[in-house]
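*Asks:* Given next are the chains, with one letter for each unit.
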Amino acid sequence: MNLFRNVVFVAAIAGLVAGVVLACMQAYATVPLILKAEVYEKAGGGHQHEHAAAPANAAGGNAMSSAAPAANSMSAATPASAEAAAPAEDEGWAPADGLERFAFSVLANIVTGIGFALVLVAVSEFAGGIGNWRQGVFWGLAGFAVFTLAPGLGLPPELPAMPAADLMQRQVWWWATVLATSAGLSLIAFRKSLPLAILGVLLIVAPHIVGAPQPDSFETPIPEGLHHQFVVAVTVTNLVFWLVLGAIVGVVRGRVTGTATSLRDSFA
Amino acid sequence: MTTASISLGASVSSQSRFMQLALAALLGIFVVGVVGFSHIDAVHNAAHDYRHSMAFPCH
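Protein sequences, first through last, are from chains A and B. My numbering applies: residue 756 is where the first sequence begins, and numbers increase by one. My numbering applies: residue 44 is where the second sequence begins, and numbers increase by one.
The set of hints was computed from the structure by calculation and includes no laboratory data. Fair warning: this is a prediction, and the values are worked out from it, not measured in the lab. Note that the Cβ used here is the ideal one computed from N, Cα and C, for glycine as well. One or more of the hints may lead you astray.
As the list claims (entries may be wrong) - Have a look at the derived ranges for each label pair, beta carbon to beta carbon:
no., chain 1, residue 1, chain 2, residue 2, range
1, B, Ser-56, A, Ala-882, 10 to 20 angstroms
2, A, Arg-946, B, Phe-73, 20 to 30 angstroms
3, A, Arg-946, B, Gln-58, 15 to 25 angstroms
4, A, Asp-921, B, Phe-61, 19 to 29 angstroms
5, B, Gln-58, A, Ser-948, 21 to 31 angstroms
6, A, His-963, B, Ser-56, 37 to 47 angstroms
7, B, Ser-56, A, Val-960, 30 to 40 angstroms
8, B, Phe-73, A, Leu-854, 24 to 34 angstroms
9, A, Pro-970, B, Gln-58, 41 to 51 angstroms
10, B, Phe-73, A, Gly-847, 44 to 54 angstroms
11, B, Phe-61, A, His-963, 27 to 37 angstroms
12, A, His-963, B, Ser-81, 21 to 31 angstroms
What the hints assert, rightly or not - Heads up, incomplete: computed chain B residues facing chain A, CB under 7 angstroms, no partners named:
no., residue
13, Ala-67
14, Val-78
15, Asp-84
16, Val-86
17, Ala-90
Turn these sequences into a full structure, and let the hints steer you where they fit.
*Replies:* Encoded structure:
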């Protein structure tokens, strides 16, 4: 399992770095907009969480609200105290606002950064591997197209309090689009055949002909300008994430394979 | 494995190579799936800002 170990090793380093970079970018670019939207969400009285229980609870206190005093931020390290901070919260445990909430976002970024890196490294190994940082940038562009651009066309980044179709249906469409786009791109990139390239284009287009699940009504208290800002912020931060991820995979992989040939097999 | 194509795991059979890479990719998809797509409330709440910031279907 040397190969597996090496893939995990490269992915762990690249995912860690790119995840931290993404978390920092989100802290400045996207999270402030989410907090703003939650003010509208509370003011509107409607909590759009699909799993929100009774409407009576919707307007009540909410652990995820930005309006909650920052005093909560340092106090709650346990689920019990988080619940104490928001007695009206009925959606299960949630991190307390402030540091704890930010810490969980950073953790999510790093863990999924490594997850995306595993996919990127494994898939690129099938195609011969990412040899250097420049190749990594192009692989990163592909990852951005597959995981952000294509699903984002049908399901644009959404803020809290924005209407959306059934969660399960959207998740299925999201994954199907990722799958079709990646298959389409690899047919175009790695098969030197015109019919297969045409098939690749069809695969990329198909999810958008089927169409993403849409809500019945687009009415929302969120201002159009705020949402547009958010779409731009999400798209650009994800672009940088994927470019950084690809480039670092290229650099780290170069170090692993670039050492003495004997190391190649015994590494890690 | 020729010298021209430097690989992360030289001298493994192509079948083993396929299995290991597929395993790594599946592990990555599993990780992203749990953090970004799980319906468990606590997981959703913990990664709430992350899910919105990644444009994952949320709520």
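*Asks:* Would you check whether Asp-84 of chain B satisfies its interface hint, that is, whether its CB is within less than 7 angstroms of any CB in chain A?
*Replies:* holds, 3 angstroms
*Asks:* Given the range 15 to 25 angstroms, decide if the beta-carbon distance of Arg-946 of chain A to Gln-58 of chain B lies inside it.
*Replies:* holds, 22 angstroms
*Asks:* Against chain A, is Ala-67 of chain B within 7 angstroms by beta-carbon distance?
*Replies:* holds, 4 angstroms
*Asks:* For the pair Arg-946 of chain A and Phe-73 of chain B, does the Cβ-Cβ distance stay inside 20 to 30 angstroms?
*Replies:* holds, 28 angstroms
*Asks:* Ala-90 of chain B was flagged as interface toward chain A. Is the shortest Cβ-Cβ separation under 7 angstroms?
*Replies:* holds, 4 angstroms
*Asks:* Is 37 to 47 angstroms right for how far apart the beta carbons of His-963 of chain A and Ser-56 of chain B are?
*Replies:* Holds, since His-963 of chain A and Ser-56 of chain B (Cβ atoms, about 40 angstroms apart) stay within the stated range.
*Asks:* Determine whether the Cβ-Cβ distance between His-963 of chain A and Ser-81 of chain B falls within the hinted range of 21 to 31 angstroms.
*Replies:* Distance hint for His-963 of chain A, Ser-81 of chain B holds at roughly 26 angstroms.
*Asks:* If I claimed the Cβ atoms of Phe-61 of chain B and His-963 of chain A lie 27 to 37 angstroms apart, would that claim hold in this structure?
*Replies:* holds, 31 angstroms
*Asks:* Should the hint that Ser-56 of chain B and Val-960 of chain A are 30 to 40 angstroms apart at their CB atoms be regarded as holding?
*Replies:* With Cβ atoms ~38 angstroms apart, the hint holds.
*Asks:* Could you see if the CB distance from Phe-73 of chain B to Gly-847 of chain A stays within 44 to 54 angstroms?
*Replies:* Given a distance of about 22 angstroms, which is not inside 44 to 54 angstroms, the answer is violated.
*Asks:* I want to verify a distance hint. Is the separation of the beta carbons of Pro-970 of chain A and Gln-58 of chain B within 41 to 51 angstroms?
*Replies:* Holds, at about 47 angstroms.
*Asks:* Identify whether the interface hint at Val-78 of chain B stands, where standing means a beta carbon of chain A within less than 7 angstroms of its own.
*Replies:* holds, 5 angstroms
Checked against the numbered hints listed earlier, the structure breaks hints 4, 10, 16; every other hint is satisfied.
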